[in-house]
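Engineer: Sequence order for the protein chains is A and B. So in the numbering used here the end of the first sequence lands on 605, straight run, no missing numbers. So in the numbering used here the end of the second sequence lands on 632, straight run, no missing numbers.
If you're looking for bench data, these hints aren't it; they were derived computationally from the structure. Check the hints yourself; a few may be wrong.
Under 7 Å between C-beta atoms, here's a sample of chain B residues computed to sit facing chain A [claimed, not checked]:
| no. | residue |
| --- | --- |
| 1 | T224 |
| 2 | V240 |
| 3 | K244 |
| 4 | E314 |
| 5 | M518 |
| 6 | F528 |
| 7 | Y556 |
| 8 | W577 |
| 9 | A588 |
Every residue, glycine too, gets a C-beta built ideally from N, C-alpha and C.
Here is what each chain is made of, one letter per residue.
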Amino acid sequence: MQANDPNIKWIEEPKLGLTGKMYLPLFVQGLTTTTKHLLGPKVTVSYPDVRPTIGNPLIYRGVHRLNKDEQGRVKCVACFLCATACPAHCIDIVGVESPWPDREKYPESFTIDELRCIFCGMCEEACPVDAIELTSLFDLTGRSREEMIFDKEKLLSVYDQTKDTEPMKSNALGGTV
Amino acid sequence: MDWESLMQPLILPLVKIALLIFIMMTAAAYLVLLERWIAAWVQDRKGPNRVGIPLTKIRMFGLGQPLADGLKFIFKEEYTPGHVEKVLYTLAPLSIMAAALAVFAVVPIGDVLPIELPGTSGPIQLIVAPHIDVGMIYIFALSSIAVYGVILGGWSSNNKYGFLGALRSSAQLIAYEIPLGLGILGVVLAAGSLRLDAIIYAQAETGLWNVFAQPLGFSVFVIAAFAEAARLPFDLPEAEQELIGGYHTEYAGMKLLLFLIAEFLHMVVAAFLIVILFLGGWHFWGMTVDASQPIGWPMAIARIAILAIKVLLVIVFFMMVRWSWPRFRFDQLMNLAWKVMLPLGLVNLVALTIAYEYEYVNDLDGTTRGLWIMVAVGWAVALVSWVLAAVFSPLHTDNRPRRDVTDAPEYEYEPETLRQILATGTQRASANGP
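All chains, full assembly: derive it from the sequences and hints.
Structural biologist: Okay, structure coming up:
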């Protein structure tokens, strides 16, 4: 494209006044801004020493947990909706007949490969009984790949760990389930 | 031959050189840390604050960082690309480093130390070469050699970025050496000497720092010094965003380190010169100055400390400026040098010459009235010429290509052809013709 192309619309810049041309006001302005930031508060979080604050844990998507009901049973009914919704195919459920009369199935095993998970939150949106939820735990580490495959017990223990600080989202958000 | 006769000509200078190189290398390393800190703080970050004493968990606010940086450079692969001019490629960082260090031979880092050593006469002067009477000229000559290193590095790299950086550097440094010299001439006129220590004494004896008497010369000199040190907003020779580092694009490892240290030393020299020439050197008000009287230890140390603090403040200013203003475009840089700084420097020099001649004729040299006249003349000339330069400023701030000189033919598209061009995004339709 050339400078005299009729399709270019040139926008006139505002003319500099005398003070602008003298450069000194701009000089002072620039130095004031940088000095303000030099002395101002810093946004860096010194992470391992200081933990960052999560804005709203209810909408944060961290490590998964499997919720329990009032009697301490796993809420999941092994409907496979989360595994179907999962775009990363990281959820593996083995459903068997439930020993309890109020539901037909329950998960005998429920594993999530946290390394494959992309933390999109589709599983918690798909779940009809609000059994699977994403907590605000974000620093997820392990020494091996096997360690990062979370089974049912581990996911339930995440619930025990976080239930006091993070209530179940359906209750906290005034849900109906 | 006894060792006492070797003291003055050999041993003392060698000790001074060793100390000075140690101080300057350490200072350059810690200035890198300071630069990174200031860069971080200005951007609301915390900056390097982890590295402390090695193998312990003591962090010391990151004061171990220079050591880590240096080790990293030493252990880096010393890679030489195949397409370079080997001899000159190796010579370039050496020459720029040698020139940057040699400048310090005439830069005083204090006044004197009150020690009488056998074989020496009088107290020890804190200059490596105290008897060079052409100190300013020496500094100029060596800073021109630094340009040589830049050009050699850029040319021998056989790389377009490096070559462009070197070309820009040579043009810029040649252009800004003239206002730099004009700024210095005013100071030399005031002190009557080219020696840096004599210039400090001239300011200290009247108590009137040159910055107050010659504000215009000070502005011209500082701006030119920024350009000479290739610091932002005049860092076009490197301009990471445009030239990937400019003349040192093809360098790695220790050779790159030499370039980077030389750059920092240029900034340190510029800061030293600004302080010594215009900000009174080691002088501060309330200090009694008499060159003929010997000074004691407290005064000697106070003078070193004051000079060091002033230089450090100027360096911090250099670093703050880096984040305060955007880089000039190259034509703006050249316009500023030739059409603004050069005339301003000339005006300053002529006005000062007239004022000093008036002082001399009326025998007001050094009297209070004479000093007031100098200050009044200095500020009046500075204000008037600065405003005039602003009003008739030839600075070209427009960012558009110059439409008036383009010889491209006017477009005369048929509506159908134009639609086709816009749809396909190519000009093939017009090239083939209807």
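Engineer: If a hint holds in the structure, say so; if it doesn't, say that too.
Structural biologist: Results of checking the hints against the structure:
1. Checking T224/B against chain A by beta carbon gives a least distance of about 24 Å; that is not within 7 Å, so the hint is violated.
2. A hinted interface residue such as V240/B counts as satisfied when its beta carbon comes closer than 7 Å to some beta carbon of chain A; here the least separation is about 5 Å, so the hint holds.
3. Hint status for K244/B: holds, given a least beta-carbon distance of 4 Å to chain A, under 7 Å.
4. For E314/B, the interface hint is violated, the least distance from its beta-carbon to any beta-carbon of chain A being 46 Å, above 7 Å.
5. Checking M518/B against chain A by beta carbon gives a least distance of about 5 Å; that is within 7 Å, so the hint holds.
6. Taking 7 Å as the C-beta cut-off, the interface hint given for F528/B is violated, the closest approach to chain A being about 18 Å.
7. Proximity of Y556/B to chain A is violated relative to the hint, the smallest CB-CB distance being about 29 Å (cut-off 7 Å).
8. Here the hint on W577/B is broken, as its CB sits about 14 Å from the closest CB of chain A, past 7 Å.
9. Interface restraint check for A588/B: the shortest CB-CB distance to chain A comes to about 4 Å, inside 7 Å, so the restraint holds.
Of the numbered hints given earlier, the model fails hints 1, 4, 6, 7 and 8; all others are met.
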